[in-house]
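Using numbering that gives the first Met the number 0, the first residue of the sequence shown is number 0, and each one after it goes up by one.
Where hints are given, some of them may not hold.
Unchecked claim - Restraint ranges, calculated between C-beta atoms of paired labels, are given here:
| no. | residue 1 | residue 2 | range |
| --- | --- | --- | --- |
| 1 | GLY42 | PRO470 | 49 to 57 Å |
| 2 | GLY328 | ASP504 | 32 to 40 Å |
| 3 | ASN78 | ARG322 | 32 to 40 Å |
| 4 | ASN106 | ASN78 | 18 to 26 Å |
| 5 | ASP299 | GLN476 | 32 to 40 Å |
| 6 | GLY68 | GLN512 | 26 to 34 Å |
| 7 | GLN512 | HIS546 | 41 to 49 Å |
Keep in mind that the hints were calculated from the coordinates and are not lab data.
Think of the CB as a built atom: it goes at the ideal place given N, C-alpha and C, for glycine as much as any other residue.
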Amino acid sequence: MKLSRHATLGVALAGAMFAHAASAITSGPGEATLNVDNHWGEGYCASVTVANNGSAAITSWTVELDFNGSVVNNLWNGNLSGNTVTPEVYNANVAPGSSSSFGFCANGNNVAELAALSVNGGGTPNPNPDPDPDPDPQPDPDPNPGPGDGEHSITVRMSGFVGDESVSLIVGGETLQTWTLSVGMLDYTVNTDVTGELRVAFTNDAGDRDVQVDYVIVNGVTYQAEDQADNTGAWDGECGAGSYTEMLHCNGSIGFGNPFDGTPGPGPDPDPGPNPNPNPPGLPDFFVGNITTNGQVRSDFIQYWDQITPENEGKWGSVEGSRDNYNWGPLDAIYDYARAHGIPVKGHTLVWGSQQPNWIDSLSPAEQRAEIEEWIRDYCDRYPDTAMMDVVNEALDSHAPANYARSAFGNDWITESFRLARQYCPNTILIYNDFNFMTWDTDAIMDLIRPAVNSGYVDAIGVQAHGLYSPRVWSAQEIQDKLDQISTLGLPIYVSEYDIEATNDQTQLEYMQMHFPVFYNHPNVVGITIWGYVVGATWREGTGLMHSNGQQRPAMQWLMEYLNR
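Work out the full structure, taking the sequences as your base and the hints as a guide.
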């Protein structure tokens, strides 16, 4: 945004943004709750949770919505017909005490409302459901905590390409913090109990600067900066919304009079109790999946695996080998198969310093920014039901960092990649994925990604599990200790690429029996993806588990018995 000397920008926090309390409706043992997750001037995104308060499983459910004139442009984890939403195969069944969910985004000023709920099964509802079903008898002291007692967390994402400009965050006329804007994309965060109008002011600049406010996060809820000429404050000059390459150009004073009332948003339960299903609603409690075979999904895939990952078909270089020419066909086939069989897709990968398009490295930083955002946006728009996504892959300097992303976004490129993925894939589990995570590079990777984890955009950690047997064998206890260490990041873990490179059947079996139970039984591991299963069609010789004619190697036989498949 080009702003003249001493210009100010007030971020448009729409007055309604705190007004949408969760609404609920019940039907027998079922309870549906609608939450508005994000709301901007002409649209919003919402999620609907269907909980089972009964004594038996709900086998299916139907939710009727009144869209109040808004038009749905995207819906995931459900099927929309008119105003009626029915579940997918994988989230139709809701066990007692658990829940299922779907989400949608819509255009329009009026937010949808719940109209009706019907459920099949569920048994007798609990007449006195415990609002705090923790194992301890003590009630939670604060059912809606903010970041601190009476405090509100405010994060401002600034982007700019010239340094030495002072940027101040002002709430209720009080300057809370002043920063110097650096090159690249940066988050600036403060916690405060001050309420009132929220403004961002650019001062001490020696002329116009290319800077902009991308969004504001208040108590964990993201609000895009908006252009609202009819709001309080004067517009001086021509203003228009734009992206990184077409920034909002304004001169003079820009003021918004919307109040930030300081109402705390939903915070984490300080005493949540154990979570019997670490995966969100719609995903299996624990999956053991696999990848495609030579770019195809074998007809026997569903016989053995309950989650699928594209081996190479989803990598940027595979999809957009020439600029702006997409080849979605192989991915379409994978998603069609997954939808038909009710299994989740784990995408692989959005930002990686290998198998990227050859043309991206020769672009200017501004063009790289635009192309990275376009790639993430187009993938998410086409596959909004992506359950999980390896957003950034192998970013350690000694691994395969995406130097084009570093060129585009500066040293904050990992966080910015996740920020874009959250913007365009709001309901996907966003994963950081790397190798040697459980062996040589644990500390280095944890140090590298901690800022991104602290940003709140990273949902889970992906630990590749190649090479646990060479050049040395890592014991079961050592792997257990590594998983415990990685768990201190506070995120669930996916064993994302597991294989055993052993041409000797007995050796492969012994390693499978040594390590797989450690992964499967660790309380913070929520899924395992094996990296190929057909002999002669895996990336490393010896990692296949079964021959193309269906004959299983001993490790595969043991695994199927272990999983009762």
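Has the hinted range 32 to 40 Å been met by the Cβ atoms of GLY328 and ASP504? 37 Å Cβ-Cβ, so the 32 to 40 Å window holds.
For the hint 18 to 26 Å, verify it against the beta carbon of ASN106 and that of ASN78. holds, 20 Å
Cβ distance range 32 to 40 Å for ASP299 and GLN476, holds or violated: holds, 35 Å
For the range 32 to 40 Å, tell me whether the beta carbons of ASN78 and ARG322 fit it or not. Check passed, 35 Å falls within 32 to 40 Å.
Okay, GLY42 versus PRO470 on CB: inside 49 to 57 Å? holds, 54 Å
Can you let me know if the beta-carbon spacing of GLN512 and HIS546 is within 41 to 49 Å? Distance hint for GLN512, HIS546 is violated at roughly 21 Å.
Is it true that GLY68 and GLN512 lie within 26 to 34 Å of each other by Cβ? violated, 60 Å
Consistency with the previously given hints fails for numbers 6 and 7, ordered from lowest to highest.
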